[in-house]
Amino acid sequence: MTDNINPLVEMKNISISFGGIHAVENASVDLYPGEVVALLGHNGAGKSTLIKVLSGAYRRDGGDILINGAAADIRTPRDAKKYGIETIYQTLAVADNVDAAANLYLGRELQTKWGTLDDVAMEANTRKVMGRLNPNFKRFKEPVKALSGGQRQSVAIARAILFDARILIMDEPTAALGPQETAQVGDLIKQLKQDGIGIFLISHDIHDVFDLADRVFVMKNGKVVGNARTQDVTKDEVLGMIILGKVPPGATPGPGAMKVS
Amino acid sequence: MADTAHSTTTGGASQTGNPVTRFFRATEIDTRMLGMVGALLIIWIGFHILTGGLFLTPRNLWNLSVQTASVAVMATGMVLVIVTRNIDLSVGSILGFTGMVMGVLQARMLPELLGFDHPAIWIIALACGLLVGGLIGTLQGVIIAFLGVPSFIVTLGGLLIWRGATWFVTSGQTVAPMDVNFRLMGGGTEGSIGATWSWVVGIIACIAIAVAIINARHQRKRFHFPRRPIWAEYVLVGLGCVVVLGAVMIANNYFWPVNIARRYADANNIAWPEGGLLISQGIAVPVLIAIAAGIVMTFIATRLRFGRYVFAIGGNPEAAELAGIKTRWVTVKIFALMGVLCAIAAAISTARLNAATNAQGELDELYTIAAAVIGGTSLAGGIGSIAGAMLGALVMQSLQSGMVLLGIDTPFQRIVVGAVLVVAVWLDTVYRARAK
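Order-wise, the sequence lines are chains A and B.
Each residue of the first sequence is one higher than the one before, counting from 1 in our numbering.
Each residue of the second sequence is one higher than the one before, counting from 1001 in our numbering.
Check before you lean on any hint, since a few could be wrong.
25 Å max Cα-Cα, derived DSS-like pairs, lysine-lysine [to be verified]:
#1 Lys12/A x Lys82/A
#2 Lys128/A x Lys190/A
#3 Lys1326/B x Lys82/A
#4 Lys141/A x Lys113/A
#5 Lys1221/B x Lys82/A
#6 Lys128/A x Lys193/A
#7 Lys235/A x Lys223/A
#8 Lys259/A x Lys246/A
#9 Lys128/A x Lys113/A
#10 Lys223/A x Lys246/A
#11 Lys141/A x Lys1221/B
#12 Lys145/A x Lys1326/B
#13 Lys141/A x Lys12/A
#14 Lys1333/B x Lys113/A
#15 Lys82/A x Lys113/A
#16 Lys235/A x Lys190/A
#17 Lys235/A x Lys193/A
#18 Lys259/A x Lys113/A
#19 Lys193/A x Lys82/A
#20 Lys1221/B x Lys128/A
#21 Lys113/A x Lys1326/B
Cβ pair distances, simulated, as ranges [as the list claims (entries may be wrong)]:
#22 Ala1176/B x Arg75/A: 49 to 59 Å
#23 Gln180/A x Arg1217/B: 33 to 43 Å
#24 Gly1246/B x Arg75/A: 52 to 62 Å
These are computed hints drawn from the structure, not numbers from a lab.
All C-beta atoms in this analysis are idealised placements derived from N, C-alpha and C, irrespective of residue type, glycine included.
Work the whole structure out from these sequences, hints included.
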């Protein structure tokens, strides 16, 4: 597992454009098992678009995706799930009106031998998973709407790990949360990391993710400015990458790096 | 975290609150549904007093149940349509068209082929009607889901198209009479199952209620989930049985009209007794059909993946799509199902009228939508129950039937029904806001 020669995910030279606008151009990122990689950039920098290519929500125009070193064919969210890629969206993609168990199993419901929903088994597993993630969680029978932001987030994360996600994508995971709940999600991420899950954190706010991430990739105008290990750079240097595209000495420059003439 | 204080709703530790709150919490009876039953009872008792004791008679309640059946069947499907944030304005016209198709088949085409009163006529006619209804629904669903035309527009078009098609089939002529066996679906003296079978149905229903509750309890026990207190289970079984058997008793207390009973007595050489021959109508066939539709639809909505997807799409279409649900196909299936239910409603309504007319089902789309909405289906999507919609249909029909008994003119009936719809939804909005 600590064999870090093969990255878990390698996205090579990904390009995607919408109506002539290059949302992502020639972007390459990689992720190793048990690693947290933060994808930073302003709103509209292309980070969410790039990651939606990986999660199957968008189809890439060019480039390759390698999972465990092998080329992966990802066209739909269903394909991505087959490769163990689970996404937790910025908008907390949960169905508000059904309970936690229904959300955890949405699209992959357990069925009894008569083809009906096996609600009891689903609730049992949900209780198990939630007990591990968030022992305070007791409101299994209520619609997710009635839960707090942190609880909803833990439902979304439980949904991902329930199906043995190897790769977790979290789009602004703490944007909707208060400080206490943010800390809770931070603990959760550390726990998942120990299980050898690779995590992409996407954020426009460096403070949210800097302490959690092992490496950062910075994007600007659809291109990768560069990447760096968080231990080699300071927050201010990363901020410089985000705002100006200026690559500090501790980072590896990418195609979007500011040209120093 | 602050949520632990609220976490005992399903637990055994519901020792807080006054006895009434505790009772509802323990039995898990939906208070909203209870409110509707309360409203229904108020309407019934109100009309009973206003009409001088005409409303709450076995005869009127029996008629009420038969009159409700057709709209109630369609309302079960309308719930799914509205839950997914769609609307179907074409149900009345689909009812008209499928009714006309079934009418022409059994009154004109099939007798020529098979001979008059052939036993297969009704089943062929019904099957064709269901097929046509399903195809119309599928077509509309495909246009909505895959061509991206809003359901409001597609079904508004459908409202005109299928009504026009109904006219076109017979150039506006009424088709009558219906096949003898087909007519049973419409109720009436023939189309009721009599006292004995009504009791059989009632007792089976009671056993089913008990088995379902016991089974649910066993399941929860197996996984060590919190359970309802045992007395609450008994209360639920008891309540269910009382309601079922009470309904059967009422249906059995409505007797055949004197002249039909006399003809029957003559035909079977039964001596005419002193107080008249009392033959129970029992539960009407259309009511059984509606109840069956309600049970099947509830099963589909709550026990199958399809139903789960319907509600998930209603709650958050984007999340459903991202979860890998084929939302478009689900939409097509919902509208196909709606079409089939329209055909069932058409069978009930043509059989009851003993004719297929080109005006059949006019305005039914509005009554169906109103029934679903009064029954707690949220137009914002994601919320609704089949039982609620059927109860909603009963409320609507009770209002109409009560006003007919009071001799209120049609224009006023419509004014009242319209006003009630608005007030009911307003009350529901207030209730939901409070519940949060």
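Evaluated hints:
1. Lys12/A x Lys82/A: 20 Å, holds
2. Lys128/A x Lys190/A: 19 Å, holds
3. Lys1326/B x Lys82/A: Status holds; Cα separation ~16 Å.
4. Lys141/A x Lys113/A: 24 Å, holds
5. Lys1221/B x Lys82/A: Not satisfied, since the Cα-Cα distance of roughly 34 Å exceeds 25 Å.
6. Lys128/A x Lys193/A: 19 Å, holds
7. Lys235/A x Lys223/A: Given that 25 Å is the threshold and the Cα spacing comes to 20 Å, the pair holds.
8. Lys259/A x Lys246/A: 8 Å, holds
9. Lys128/A x Lys113/A: Holds - the C-alpha atoms of Lys113/A and Lys128/A are around 23 Å apart, at most 25 Å.
10. Lys223/A x Lys246/A: Roughly 13 Å separates the two Cα atoms, so the pair holds.
11. Lys141/A x Lys1221/B: 16 Å, holds
12. Lys145/A x Lys1326/B: Roughly 23 Å between the alpha carbons, so the hint for Lys145/A and Lys1326/B holds.
13. Lys141/A x Lys12/A: Status violated; Cα separation ~44 Å.
14. Lys1333/B x Lys113/A: Within the cut-off at roughly 23 Å; holds.
15. Lys82/A x Lys113/A: 24 Å, holds
16. Lys235/A x Lys190/A: 20 Å, holds
17. Lys235/A x Lys193/A: Holds. Lys235/A to Lys193/A sits at ~22 Å (cutoff 25 Å).
18. Lys259/A x Lys113/A: 63 Å, violated
19. Lys193/A x Lys82/A: 20 Å, holds
20. Lys1221/B x Lys128/A: Holds, at roughly 16 Å.
21. Lys113/A x Lys1326/B: 23 Å, holds
22. Ala1176/B x Arg75/A: 49 to 59 Å: 56 Å, holds
23. Gln180/A x Arg1217/B: 33 to 43 Å: 38 Å, holds
24. Gly1246/B x Arg75/A: 52 to 62 Å: Holds, since Gly1246/B and Arg75/A (Cβ atoms, about 58 Å apart) stay within the stated range.
Hint compliance for this structure: hints 5, 13 and 18 are not met, and every other hint is.
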